[in-house]
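J.: Top to bottom, those sequences are chains A and B. The end of the first sequence is residue 1129 by the numbering used here, with every number in the run present. The end of the second sequence is residue 132 by the numbering used here, with every number in the run present.
It should be emphasised that the hints constitute simulated quantities derived from the structure, not laboratory data. Where is the CB? At the ideal position from N, CA and C, for every residue including glycine. Heads up, a few of these hints could be off.
[Unchecked claim] When the alpha-carbon atoms are kept at most 27 Å apart in a straight line, the in silico DSSO-like pairs for lysine-lysine are as follows: (1) A:1125 to B:57; (2) A:1125 to B:79; (3) A:1129 to B:79.
[Claimed, not checked] Covered stretches of chain A, going by a simulated chain B footprint (3 or more residues, C-beta under 8 Å): (4) 1067 to 1077; (5) 1082 to 1096; (6) 1107 to 1117.
Chain by chain, the residues:
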Amino acid sequence: DVVMTQSPLSLPVTLGQPASISCRSSQTLVDSDGNIYFNWFQQRPGQSPRRLIYKISNRDSGVPDRFSGSGSGTDFTLEISRVEAEDVGVYYCMQGTLWPWTFGQGTKVEIK
Amino acid sequence: EVQLVESGGGLVQPGGSLRLSCAASGFTFSSYWMCWVRQAPGKGLEWLGNIRQDGSEVQYLDPVKGRFTISRDNARNLVYLQMNSLRVEDTAVYYCVTTSRDRSWDFWGQGALVTVSS
């Protein structure tokens, strides 16, 4: 199975400041169709997960533009340009290229 | 508005069975893969399986293969997760999901709690 490794696992942030989460996959995520099905999810406290980013850098509908994704090969990054209070929660990377689809361990974002 | 509503969760003894249902509305159900994802208490997410639009293909995570069965009823807009031979480690919130890998389409239900305990 593809192992997804996130860092850091805990991220205290200051409101209005940027934040960054990294994710590394144990193998390349290029599908046979040439796409890389790499995603980022947000789970706010007490809520169901919500996908933020698909195919590395595409924002899902309704996702604020302060969220951006980048990466290639086996290394990927989620950036929040200016953290807001509603961004508190756990963020997961996830690959949907190779079965079974797998998540990272999660990064807990909290306000300092 | 897309809605996914799970039902059927509860307390079951080890070795027992339970069937979760997910009622979908607000979209053309028969056009989308449907999925189940679970989350053990205080833990991360685990993608359990997917079922093709017509039910002809189903994928399972190894730890549940042979014990869990995903099926769907396109006439009633329902997807099911039949869970047999349940173990304590199957205790989790189970989410019904519809997603597309290629475009902005990803919706989750509110989750159903399954507790396996004697």
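J.: Look at each hint and say if it fits the structure.
T.: These are the hints, each one checked on the structure:
1. Distance hint between residue 1125 of chain A and residue 57 of chain B is fulfilled; the C-alpha atoms sit about 12 Å from each other, no more than 27 Å.
2. This hinted pair does not check out: residue 1125 of chain A and residue 79 of chain B have alpha carbons roughly 31 Å apart, beyond 27 Å.
3. Among the hinted pairs, residue 1129 of chain A with residue 79 of chain B is inconsistent with the structure: their alpha-carbon atoms are about 43 Å apart, more than 27 Å.
4. Taking a C-beta to C-beta cut-off of 8 Å, the stretch 1067 to 1077 of chain A contributes 7 residues in contact with chain B, enough for the three needed, and the coverage statement holds.
5. Beta-carbon proximity to chain B at under 8 Å applies to 0 residues in the stretch 1082 to 1096 of chain A; the threshold of 3 is not reached and the given coverage is violated.
6. Judged by the Cβ-Cβ criterion of 8 Å, the stretch 1107 to 1117 of chain A is covered by chain B as claimed, because 5 of its residues qualify and three suffice.
Violated hints for the displayed structure, listed by number in ascending order: 2, 3, 5.
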